[in-house]
Amino acid sequence: MKRKIFFVAILLLLHIATFNETDDLLLTFQFVAQGSSLDPFTDEVYFPVFNVLFNIAMMVMFISTIFKKISEVFMLHTYIFNRGGQTVFKRALIKCVFQKILFILIAKSIIYIGFFLFTREFTVFFLYDLLSTFLTLGIFSFIFILSKLFGIKNKISLFCIISGYIIALILSQQIYFFAVLTISTVDWQSTLIPIIPIKIFLFLIFGVSINLNKKPDRIFLGESEND
Amino acid sequence: MIKLNNVTKTLKGHDVVKDVSLSFEKGKIYLLRGHNGCGKTMLLRLLCGLITPTIGSIEKDEYTYGVIIETPAFVEHETARQNLKFLASIQKKIDMKDIENSVAKVNLSDVIDKQVKKYSLGMKQRLSFCQAIMEDPDVLLLDEPFNALDTEHFELLVGMISKMKEGKIIVIAAHGIDVEKHSIFDQIVTLCNGKIESIEDCLRHLRD
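Those sequence lines, one after another, are chains A and B. For the first sequence, the positions run 1 to 227 when this note's numbering is used. For the second sequence, the positions run 1001 to 1208 when this note's numbering is used.
Think of the hints as simulated: they come from the structure by calculation, not from any bench. Each residue gets a CB set at the ideal place from its N, CA and C atoms; glycine is no exception. Hints should not be assumed to be uniformly reliable.
Below are the BS3-like pairs computed for lysine-lysine, each with C-alpha atoms no more than 25 Å apart in a straight line [what the hints assert, rightly or not]:
1. A:K2 - B:K1003
2. A:K68 - B:K1085
3. A:K95 - B:K1168
4. A:K68 - B:K1168
5. B:K1060 - A:K2
6. B:K1092 - B:K1105
7. B:K1114 - A:K4
8. B:K1093 - A:K95
9. B:K1181 - B:K1003
10. B:K1117 - B:K1028
11. A:K90 - B:K1060
12. A:K90 - B:K1085
13. A:K68 - B:K1117
14. B:K1181 - A:K4
Negatives, chain A to chain B, calculated, CB over 10 Å [claimed, not checked]:
15. F41
16. E72
17. Y79
18. I80
19. F81
20. R83
21. R120
22. T133
23. I156
24. S157
25. Q189
26. K199
Sample of chain B residues at the chain A side, in silico, Cβ under 8 Å [to be verified]:
27. L1050
28. Y1063
29. Y1065
30. V1067
31. I1069
32. A1073
33. V1075
34. I1090
35. Q1091
36. Q1131
37. I1133
Build the full structure now, drawing on both the sequences and the hints.
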């Protein structure tokens, strides 16, 4: 419980600390999700370093929470595998991913509701953010599971995923297609239609790929290969 | 019965198990022994289906398995109770009372709510043994189950294994175990470089 409260507290701090020059407190959510800010006089979007860093920090926090749980399930792989085979093992992995994503969505919702109560206003971005967070974290989690099923080391896959996210975050500010790998991007309202279906497509593709991987040898021959 | 027919497992062009034919029957305890790297663990992995043979086949009935393979691996920041509860939730065959009974058998009742990271290696080994036996499986595959155990707990586990053999296939991979002193084994299989060097019926072994 302590860890969960700590997680929500850090998330709240990230939101409060986000640089927001406008008077609209609800825009903070967009600024965290995009790593951006808005000039209140010219209405131009720009990218202060702090907001980009907060965005990356938030993503690292989310990813590490989910990946830690996935690694724990992999730690018990021999015991799980012997109790129900591959199907049960994969089900346990996917279940833990959904549980952790649900926890993150609840944490986000708590902060949103707090802001809504404080400002007595509502932003539609809340719904987009929850859907996009679910799909984006789902895609990254499935990529991580696949990399572990292929016997790739945690550090390597973690490095690739986080680097990929940072690159996508920077490029998405110019080329909206890269928002497929980020939670949000500038002009999310106008890019919502192409981005969300692509995210759903990737989510399903990676999800199905996990089920198609039928060779368990790589998982079980990780540590010692010839004893 | 589990039957291995001319099983070979090749990894990176190297045969780690070579042309092994063996059969394991219920009600017997088997000892796999041999030097480090001789293929004991790989044979256990093949027996429980964690890996598949490159050549040959394995015939087996529908069994439930309890295994210890390699070093005990648990979620370290969780308690023994949480770890075992999670594993028990997969088959849903036992409840918390059964888990507690199994933990009591390996003398870990007083530390069941401690984080696993605070356990010594011997305690982790007993916890690992506990997770293997808690659902009363048909087949027990134990890879070096006596590692890091003190004499008291070594004797405890040996006693438990010998009492459990009725209706079960028990295969233990261990090196350096005194088979004269601990005559619980029905058959001793000695491996060398992935091949079977000898299969000894235990009564004959003791007579010799």
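Structure-based check of each hint:
1. Simply put, K2 (chain A) and K1003 (chain B) have alpha-carbon atoms about 51 Å apart, too far for the 25 Å limit, and the pair is violated.
2. With a C-alpha separation of about 19 Å, the suggested pair K68 (chain A) and K1085 (chain B) falls inside the 25 Å cut-off, and the hint holds.
3. With a CA separation close to 33 Å, the supplied pair K95 (chain A) and K1168 (chain B) exceeds the 25 Å bound.
4. Note on K68 (chain A) and K1168 (chain B): the hinted pairing is violated, with a Cα-Cα distance of about 37 Å set against a maximum of 25 Å.
5. For a cut-off of 25 Å, the pair hint linking K1060 (chain B) to K2 (chain A) is broken: about 47 Å separates their Cα positions.
6. Between K1092 (chain B) and K1105 (chain B) the CA atoms are separated by roughly 21 Å; this keeps the pair inside 25 Å, and the hint holds.
7. Restraint check: the Cα-Cα separation between K1114 (chain B) and K4 (chain A) comes to about 20 Å, which is no more than 25 Å; the hinted pair holds.
8. Between the alpha carbons of K1093 (chain B) and K95 (chain A) the distance comes to roughly 20 Å, so the proposed pair stays at or under 25 Å and holds.
9. Between the alpha carbons of K1181 (chain B) and K1003 (chain B) the distance comes to roughly 29 Å, so the proposed pair goes past 25 Å and is violated.
10. With a C-alpha separation of about 35 Å, the suggested pair K1117 (chain B) and K1028 (chain B) falls outside the 25 Å cut-off, and the hint is violated.
11. Taking the CA atoms of K90 (chain A) and K1060 (chain B), the gap is about 24 Å. The hint holds against a cut of 25 Å.
12. Annotation: proposed proximity of K90 (chain A) to K1085 (chain B) holds, straight-line Cα distance about 18 Å (limit 25 Å).
13. Under the criterion of a C-alpha separation no larger than 25 Å, the hint pairing K68 (chain A) with K1117 (chain B) is consistent with the structure, at around 16 Å.
14. Note on K1181 (chain B) and K4 (chain A): the hinted pairing is violated, with a Cα-Cα distance of about 53 Å set against a maximum of 25 Å.
15. Non-interface call for F41 (chain A) relative to chain B: holds, since the shortest CB-CB distance, roughly 50 Å, exceeds 10 Å.
16. Not every CB of chain B is more than 10 Å from the CB of E72 (chain A) (nearest about 5 Å), against its label as outside the interface.
17. Distance to chain B contradicts Y79 (chain A) as a non-interface residue, since its nearest Cβ pair spans about 5 Å, not more than 10 Å.
18. Look at I80 (chain A): its CB is around 6 Å from the nearest CB on chain B, not clear of 10 Å, so calling it non-interface is violated.
19. Interface exclusion of F81 (chain A) from chain B breaks down, the closest Cβ pair being 6 Å apart, not more than 10 Å.
20. With 10 Å as the threshold on Cβ separation, the claim that R83 (chain A) sits away from chain B is violated: the shortest Cβ distance comes to roughly 4 Å.
21. At roughly 41 Å, the least C-beta separation between R120 (chain A) and chain B is larger than 10 Å, which holds for a residue marked as non-interface.
22. Non-interface status of T133 (chain A) relative to chain B is upheld: no Cβ of that chain comes within 10 Å, the nearest being about 25 Å off.
23. Against chain B, the non-interface label of I156 (chain A) holds: every CB pair exceeds 10 Å, the least being about 20 Å.
24. The beta carbon of S157 (chain A) is kept farther than 10 Å from every beta carbon of chain B, the shortest such distance being approximately 20 Å.
25. No beta-carbon of chain B comes within 10 Å of the beta-carbon of Q189 (chain A); the shortest separation is about 42 Å.
26. The claim that K199 (chain A) lies off the interface holds: its Cβ sits roughly 31 Å from the closest Cβ of chain B, which is beyond the 10 Å cut-off.
27. Proximity of L1050 (chain B) to chain A holds as hinted, the smallest CB-CB distance being about 4 Å (cut-off 8 Å).
28. The beta carbon of Y1063 (chain B) is not positioned within 8 Å of any beta carbon in chain A (closest approach about 10 Å), and the interface hint is therefore violated.
29. The restraint placing Y1065 (chain B) at the interface with chain A holds, with a minimum CB-CB distance near 4 Å, inside the 8 Å limit.
30. A hinted interface residue such as V1067 (chain B) counts as satisfied when its beta carbon comes closer than 8 Å to some beta carbon of chain A; here the least separation is about 5 Å, so the hint holds.
31. Checking I1069 (chain B) against chain A by beta carbon gives a least distance of about 5 Å; that is within 8 Å, so the hint holds.
32. For A1073 (chain B), the shortest C-beta to C-beta distance to chain A is roughly 5 Å, which falls under 8 Å, so the interface hint holds.
33. The criterion of a C-beta within 8 Å of any C-beta in chain A is met by V1075 (chain B), whose closest approach is roughly 5 Å, and the hint holds.
34. This hint holds: I1090 (chain B) has a C-beta 4 Å from the nearest C-beta of chain A, less than the 8 Å allowed.
35. The restraint placing Q1091 (chain B) at the interface with chain A holds, with a minimum CB-CB distance near 5 Å, inside the 8 Å limit.
36. Interface hint at Q1131 (chain B): satisfied, since its Cβ lies 6 Å from the closest Cβ of chain A, which is below the 8 Å cut-off.
37. Violation of the interface hint for I1133 (chain B) is found here, the shortest Cβ-Cβ separation to chain A being roughly 12 Å, above the 8 Å cut-off.
The structure fails hints 1, 3, 4, 5, 9, 10, 14, 16, 17, 18, 19, 20, 28 and 37 (numbered hints given earlier, in ascending order).
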